Amino acid sequence: MEKRVVFRSAWLPYVLLAPQLAITIIFFFWPAGQAVWYSFQLQDAFGLHSEFVGFDNFTALFRDPHYLESFKTTAVFSVAVAGSGIVISLLLAVMADRVVRGSVALLYKTVLIWPYAVAAAVAGVLWAFLFAPSIGIVTYMLKGMGVDWNWIIKGDQAMLLIIIASVWKQISYNFLFFLAGLQSIPKSLIEAAAIDGAGPTRRFWTIVLPLLSPTAFFLLVVNIVYAFFETFGVIDATTQGGPAQATQILVYKVYHDGVKSADIGGSSAQSVILMIIVVALTVIQFRYIERKVQY
Amino acid sequence: MVEKRPLLDFITHAVLIVGALLIAFPLYVAFVASTLSLEEIMSVPMPLLPGSHFIDNYSQVLFAGSTTGSKAAVLDMLINSTVMALAVPLGKTTISILSSFAIVYFRFPLRNFFFWMIFVTLMLPVEVRIIPTFKVMADLGLLNTYAGLTLPLIASATATFLFRQFFMTIPDELAEAARIDGAGPMRFFWDVVVPLSKTTMAALFVIQFIYGWNQYLWPLLITSDESMYTVVIGIKRMIVGGDAANEWNLIMATAMLAMLPPAAVVLLMQKWFVKGLVETEK
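Note that the protein sequences, when read in sequence, are chains A and B. Counting in our numbering, the first sequence runs from 1 upward without gaps. Counting in our numbering, the second sequence runs from 1001 upward without gaps.
Derived by calculation from the structure, the hints in this document are not laboratory data. For clarity, every value in this text was computed on a predicted model and none was experimentally measured. Accuracy of the hints is not assured; some may be wrong.
Keeping only pairs whose Cα atoms sit at most 25 Å apart, straight-line, the calculated PhoX-like set for lysine-lysine is [stated by the list, open to error]:
| # | chain 1 | residue 1 | chain 2 | residue 2 |
| --- | --- | --- | --- | --- |
| 1 | B | K1198 | A | K3 |
| 2 | B | K1198 | B | K1135 |
| 3 | A | K260 | B | K1071 |
| 4 | A | K72 | A | K187 |
| 5 | B | K1275 | A | K187 |
| 6 | A | K260 | A | K154 |
| 7 | B | K1198 | B | K1271 |
| 8 | A | K260 | B | K1135 |
| 9 | A | K154 | A | K143 |
| 10 | A | K154 | A | K72 |
| 11 | B | K1004 | A | K187 |
| 12 | B | K1271 | A | K187 |
Sequences and hints are given; from them, build the entire structure.
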């Protein structure tokens, strides 16, 4: 896409671009370049001396069982967050689409989009409070049902806690996209199917769901990116990667190794691997967007 | 609705009510906890109806902070959060409306190169370049400053794309007419492009306000001084350890204060919010 009518100036466009380019170079390219540079360096504990070590930081990472474990943790976590988040919000959106009008619909919608405004770290604190081992109200209910709940020492329960908090926060986002997708499906299609005798369930599986699949796929990528990176606040405010690294996803390990253990080379190598993952996810997303444009 | 199905209507409302209750439950419990005394919360199970310590808890956190964790007053944190939540959308809007105007309305050498330079920043979230960005900020002397808090967050490809997409829909006739009337590019920018972009700006503002307000990792790294904490960081600093040691009544009061401004923006500007959300992702 190009404009037919353009203005002419030898210097003005550069002046207009300068602020954004300056910030982009200082805060994106410079640090990203340094991440790549550090990832090939080994620094001593005081940061006084460093030497070039080639791919040593990377090979050390892939020999480190904790790092491989962290990959597995991230996979479980992001599949659980993306999968359950999408299914729950699709259900809610399909239901909300049936009651489009009136103040009741507005009330439902208002409640359902509220969590979007809550910071990830705050969402973590809210759920940590509900599930607090000694005083939490949900812990109390679970105890009544005979469940021994203590996420501070049980890894799988800690994982469940961060999944619940992360999904809770992301439902609003998915819900709004599904609702917009549902409302763009032509009513005439649904009506035609109804006249032909297809009931609501049949219509959902044969018309609504296939037409929503681009939205669902888009949300899948967005949710995986969300689970990979933006859930940092949830984890830092609740489990901090524990117990015994049971909830240490990749991004948390970058932070932990770099900031808390001051292992600059190892942390930078992890950053570089994460960048490669983000690039891959972005490419997948843009492939899909191109298809959507043709469609 | 296509046909009448009383059973399905019943299920619909049942699902929505259960969903809404589950979503609202943590928010409700947080509100209740923020009105109780610490003893009341510690008596398992805690009451589920609001108590009488609303004013005590809120004035305590606003002006004095917690007693066991961080002692910074939440009022100062709210001011820091507000500065951040306003600076991020204003800065982003300003730099990206200018750069996309240059990219759409001019032909110049290296235009595509610059466009791609901005584009690839999409792929570098703060989380993946924590350590080097921190070092850069330290070298520039920007730790514990408002500039350090906001500048790295205002460079964004999404806003530039959004404006670019919108500019492509402005009819060419307008630019043509402006040129025939002898208006220069900046005159055209101020008198035509900016007024037409108001809707896009409003939508962008809502999304970016929430983004700025809710930032966590970045402020966590670059603020070590209590007077620069944002409210989201403040909550984290109030949590000191095991769950019996925390002053949950004060933490929940702070959480309520941290949630209200972005929630108010979302609810009051719901139309712009939905538009902004759906369009920034296109």
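How the hints compare with the structure:
{"no.": "1", "hint": "B:K1198 with A:K3", "verdict": "holds, 21 Å"}
{"no.": "2", "hint": "B:K1198 with B:K1135", "verdict": "violated, 38 Å"}
{"no.": "3", "hint": "A:K260 with B:K1071", "verdict": "holds, 23 Å"}
{"no.": "4", "hint": "A:K72 with A:K187", "verdict": "violated, 44 Å"}
{"no.": "5", "hint": "B:K1275 with A:K187", "verdict": "holds, 22 Å"}
{"no.": "6", "hint": "A:K260 with A:K154", "verdict": "holds, 23 Å"}
{"no.": "7", "hint": "B:K1198 with B:K1271", "verdict": "holds, 14 Å"}
{"no.": "8", "hint": "A:K260 with B:K1135", "verdict": "holds, 15 Å"}
{"no.": "9", "hint": "A:K154 with A:K143", "verdict": "holds, 15 Å"}
{"no.": "10", "hint": "A:K154 with A:K72", "verdict": "holds, 17 Å"}
{"no.": "11", "hint": "B:K1004 with A:K187", "verdict": "holds, 16 Å"}
{"no.": "12", "hint": "B:K1271 with A:K187", "verdict": "holds, 23 Å"}
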